[in-house]
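*Asks:* If you follow the hints, you should be able to join the two separate chains into one complex; please do so.
Just so you know, the protein sequences line up as chains A and B, in that order. First residue of the first sequence: 26, per our numbering; consecutive thereafter. First residue of the second sequence: 135, per our numbering; consecutive thereafter.
Just so you know, these hints were derived from the structure itself, not from any lab. Bear in mind the structure is a predicted one, so any value in this text is a computation, not a measurement. Worth double-checking, as some hints may not be accurate.
Sample of chain B residues with no beta-carbon within 12 Å of chain A, all distances over it, derived [said to hold, decoys possible]:
| no. | residue |
| --- | --- |
| 1 | Leu171 |
| 2 | Arg229 |
| 3 | Asp284 |
| 4 | Ala412 |
To give a feel for the contact side, a few chain A residues facing chain B, derived at Cβ under 10 Å [as the list claims (entries may be wrong)]:
| no. | residue |
| --- | --- |
| 5 | Cys165 |
| 6 | Gly174 |
| 7 | Asp225 |
C-beta atoms are modelled at their ideal positions from N, C-alpha and C, and glycine is treated no differently.
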Amino acid sequence: MIKATLALFAATAFATLPSGAANEEEDKSALLPPVHGVSPDNPHSRPPRDVPLVIFEDTQLLAADADDGHDEEDDYAPILFERLQAQFPDRFTWNEDEEHWVDARGEYTWDDENECYWQTVTAERLTRGRQDYVQLCASCHGFDGDGYGRSGQALRPPPRDFRQGLFKFTKVDSEKLPEDDALVQLVQEGLNGTPMLPWDIHENRIRDIVVYIKSLSLPELLDEDGEIEEDATGWRDPYGQIGVMVAADDDPWAGRETEAIAAGEAYYHNYQCYNCHPGYATTARMNELGGKDPSYTYRDGITLPKVVEDSSYEVLGYAVSIIPPDFTWHSMRRGETVADVYKTIAAGVGGAGMPTWKGSVPDEEIWAISYYVRHLTDTYKDKSATRMQFMRDVKAGH
Amino acid sequence: MSPFPSTRSSPETRSSTRHGAGRPVSRWRLAGKLTALLAVALLPLACGDTRIHPNPSASTFGHRHDELFMLITALTGVSFLIVLAMMAVPIIRDRARPGKKAHYDHGSSLHDKRFTAIVSVVVFIVLDAWVLFVSVTDLREAWWNYPPADSEEAYRVEVLAQQWAWNFRTPGIDGEFGTADDVVTINQLTVPADRPIVLNAASKDVIHSFFVPDMRIKRDANPGSVNRVWFQTKPEAAGNDYQILCAELCGFAHYQMYANLTVLSQDDFADWEQDASALAVASFDADDTEAHWAWDFKE
Ligand SMILES: [Cu+2]
Chain A
26 MIKATLALFA ATAFATLPSG AANEEEDKSA LLPPVHGVSP DNPHSRPPRD VPLVIFEDTQ
86 LLAADADDGH DEEDDYAPIL FERLQAQFPD RFTWNEDEEH WVDARGEYTW DDENECYWQT
146 VTAERLTRGR QDYVQLCASC HGFDGDGYGR SGQALRPPPR DFRQGLFKFT KVDSEKLPED
206 DALVQLVQEG LNGTPMLPWD IHENRIRDIV VYIKSLSLPE LLDEDGEIEE DATGWRDPYG
266 QIGVMVAADD DPWAGRETEA IAAGEAYYHN YQCYNCHPGY ATTARMNELG GKDPSYTYRD
326 GITLPKVVED SSYEVLGYAV SIIPPDFTWH SMRRGETVAD VYKTIAAGVG GAGMPTWKGS
386 VPDEEIWAIS YYVRHLTDTY KDKSATRMQF MRDVKAGH
Chain B
135 MSPFPSTRSS PETRSSTRHG AGRPVSRWRL AGKLTALLAV ALLPLACGDT RIHPNPSAST
195 FGHRHDELFM LITALTGVSF LIVLAMMAVP IIRDRARPGK KAHYDHGSSL HDKRFTAIVS
255 VVVFIVLDAW VLFVSVTDLR EAWWNYPPAD SEEAYRVEVL AQQWAWNFRT PGIDGEFGTA
315 DDVVTINQLT VPADRPIVLN AASKDVIHSF FVPDMRIKRD ANPGSVNRVW FQTKPEAAGN
375 DYQILCAELC GFAHYQMYAN LTVLSQDDFA DWEQDASALA VASFDADDTE AHWAWDFKE
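Just chain B, with the same shape it has in the complex (with noise of 0.2 Å):
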């Protein structure tokens, strides 16, 4: 049975006391029960719950990710205000009243059409435009602005997806892939604060994809090929953990599929890379050659 009274008694509506045939709705009932339930999905909001917001990015430029955020949700809430506003006027203007017959109208004079195409194309530059401004800047000037290749300063990752983990292979001491040195973890990244890090991201078996929400970062990781995505820790996430997720949805287990994110300040990563590179060293066996997969560096 529908929540909300009906003026059309159905066969078991008439039956029924509550909603007795003929009996007039109560539109103000109906307003009340609306506003109650709108304030109850907003009580979060209005009670500042942190779980609507993500955490404040800890990469150098996620901020940007935030603020093309807020920017759609200011103009488009803008938008919505005014179209609500403009739609308020012919109910209230041309509605019926003792003595007055409501005014239809289908919008259809040459003056109306006219007008329409003023707003759309006006909407259209104030907001398209300006998201697809800024977001193809941000694009260009953040997300897509790779260190060059021979840069000293990057640190590289390759990124091996699998159902239901993340492998990764970190270059080790001698800065190459490949070899004895490479520190190759499962579910557990470290990488030094305040430098760039570019990743490689492939898969194993089915697409995934490489999601790090305080970073601000998402890249598919599909097998077959390599993908690229970087970011640049801000220094004072040094000594922090983010969460790896995936964000593809990649078989049953793909809620469990989520990795460690260990930021350590450039001291402390020296002396784990050290430690970390001596480790896997010692337990590199030559000829165990299916264990080491590992692809030339996609810059």
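Excised from the complex, chain A in its bound form (with noise of 0.2 Å):
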């Protein structure tokens, strides 16, 4: 009886067996080498190597730049130290005679050839930190920071490469590098439209991540007499600068963002952001915000973005191009606010072409593109009908 059953099992399973799964195995079988830069005979991709998860040397990585008392906004020494004073109290005094802070732990010192902070990071730490960067990040990022890793192959905009310390969206003058602060945050909070994620885990192991991060940047700027090349960045580099984050306060259109809208587009159009970025205006309308002749032409494609060719960002030694976005169409990476808006723009993008804006843009005329950028961007989450409409209509005028 049993056998009679397992029969008839399989009488109706054979039965029943379609031709298509014989297809579907024959299919699979044909195995196709998919990418271009992951395929087995790609002349670039490197084999796996065997990854020292410890490091043993404590390292020295630069804290804060010279507290020189002329520039007073761009010294992160000062606010460095308030901060960590708030945090542990007693733990540094202000040495009169030689002007500078006294770390009793000994974590901070001062160098007073370069005139800058070290902070000696211990091998525990990076380690730890080393520890969480190849597990979550160098997939992409590269097991040696190079941008490379095997899932960050053919992405554009590629990860970035921790070895140059330049960074696009940390919302801190792109001039300067990071605070420790930027970083944490922005690994907090992801970039919108990449895959660089939101990264929830413990703001004491991103803390450490970055710390790791930053003790990349070394190898590429000593020159061949290992002495530190003149227009070195990174931390390792006694005459970088360390820069704060844009603050965005007081906002001074507040409660009035219609009129913010309407000044935004003139002040857009005025200051010539069309020249990388698409402009949104019909020719006789970006004319008129911008006080030109009516007979003024404009670049070709002036509805797309102009890529910009030789960015500092390399793959394999090849600048990648670097498209700035066009506001109707790109997520913003890191705007969902105003405020967001209003710090990249006055930040700039660094190493990407894009301008630091503050300084030479008055305030209120950033916030006011600030909110311009805001509201084009609310047309890409219109999916359909109005955003084709809107540049349908500047096309046309064009």
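*Replies:* Spelled out as structure tokens, the structure:
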């Protein structure tokens, strides 16, 4: 009886087995190398290496540049020590004669020659950071921090090469190195629309990873004699400057959103953001907004972004082009709110050709532009008719 | 300590006053507790909690999946009830009563064996064969019924999974992969409504799985090979967004690996494709060969 049952089962299964299933099997066995950058015969793909997980040496990283009293706003040192003092009272004392801070624990030390503070990071802390980095970040950013991890290959924009010490969206003046808090916030918030995720791991772990990332920006900076190059960047460079996140407390347009958007439209086209980003008005209107002669014409494809070809971001020695976002199309990487957009525009985008606008443009105007840009991104969320129509009209007018 | 009172007293319970040694268990109390537990477990069902139902299918053949699911639930549910009823008979009929000993039986007589065999054949034919027949029909007529290779109507997408993102490449207006107007996006796929969408899924690193619950499709994306999957959105899906998930544990941030599927009406889509291709051409960098991943589409 049992045998009969089994036979019946086999017969039914056989009878109902579709021919499709057999095809499916054949198809699967046809192995294709699917990706240029990832196929086994790609000359660039590197063999897996042994990654030592333990770091044996304490490392010194630039903690703050000199407090020379000239340029209060740009000096990170007073802000850093103020914060540290709030956290650990009595730990830091001001040395009147030599005019620098003294750390009772010896973690922060003053370098008289280069006029900067160094932070000594213990091997233990770096090791912790490295372990998390390898587990969480290396798949994209690479085991050596070169931005060429297995999953990071063929990604555009490419994952950051941490050896360069160049950052885009830290909301810190793009010519300076970002403070720790800026990097921590960035890692926690992620970059919208890129595979850089918001990492919801404990803040202390992120801080350790950040310290480790900072320690990576060394080897590129030494010339043949082992001397630090003049134009070096990175946290091992005593000439480096550390900046603070742009503050966005007093919004001059609060409560006057419509006005701000209208003003922003004028400023946006006035400051020629359309040289890289698209222009968002007809030729006639752009001339009117920019105070130009009615016969003035613009670059070809003004309704499309103009790609920055030789950016500072290299993949295997090739400087990848960077696309200035079209605000009605791309998602804003760190711009959920008007204040976020303000910070990004004010700080600029490091290494990508997007200038630091704070200082060269009055604050009020940057705020207005932020309202306008934010307004443009709203059409991004509207997937169909309105967005399409908006750009149709603009294009028809060129 | 076990949540249920026990007649066998352990050293700890012996000293406790509540479960004193030799205290008889109240069978009714136990039954009461079990009933309460069951009631709590079934509460969401009773309240009509929508979280236990999937969203209605947005694809033309997704309803087949739901029907198969309901069929299996009904068949197994009914047979479960039958088995329960058949167990209840000897439990009640043969139990010990005042003046009657309990009746024990190993079911080893020829009669019993024959009965068992007949029941298994009937269960097999009714349950397994039925479900097998329906699922194979579904696969043949829907999931494996790919649009023909030369189909003009089909919209083709190459899906490249990676830790922890979805890369999509669509052929742009020229309809060919590996050209300057290919639209390459990350974590965002835009497709037309009411047209067959054929996808090729592959992976850069580890195994991922391309899962669109609302379309009732799921397919592994493996490194080194290309898997096909297709669906067709209903016309009324136009204008909606759906979730694309990774259904294969692929590392630490697997839980964050999701993308967005936007369905546009055919007119909106034509406009969208025009714009997307123009943007792609404007930002195409011919020398950046590494970014030009694409493969011969597997129909
Ligand atoms: Cu995955």
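*Asks:* With reference to the structure, classify each hint as holding or not holding.
*Replies:* Consistency of the hints with the structure:
The beta carbon of B:Leu171 sits about 34 Å from the closest Cβ of chain A, which is more than 12 Å, so the claim that it is off the interface holds. Chain A leaves B:Arg229 outside its interface by the beta-carbon criterion, the shortest separation being 31 Å against a cut-off of 12 Å. In this structure B:Asp284 is separated from chain A by more than 12 Å, as the shortest Cβ-Cβ distance comes to about 18 Å. The claim that B:Ala412 lies off the interface is violated: its Cβ sits roughly 6 Å from the closest Cβ of chain A, which falls inside the 12 Å cut-off.
Nearest Cβ of chain B to the Cβ of A:Cys165: about 7 Å, under the 10 Å cut. The hint holds. Checking A:Gly174 against chain B by beta carbon gives a least distance of about 9 Å; that is within 10 Å, so the hint holds. The restraint placing A:Asp225 at the interface with chain B holds, with a minimum CB-CB distance near 8 Å, inside the 10 Å limit.
Of the numbered hints stated above, the single one contradicted by the structure is hint 4.
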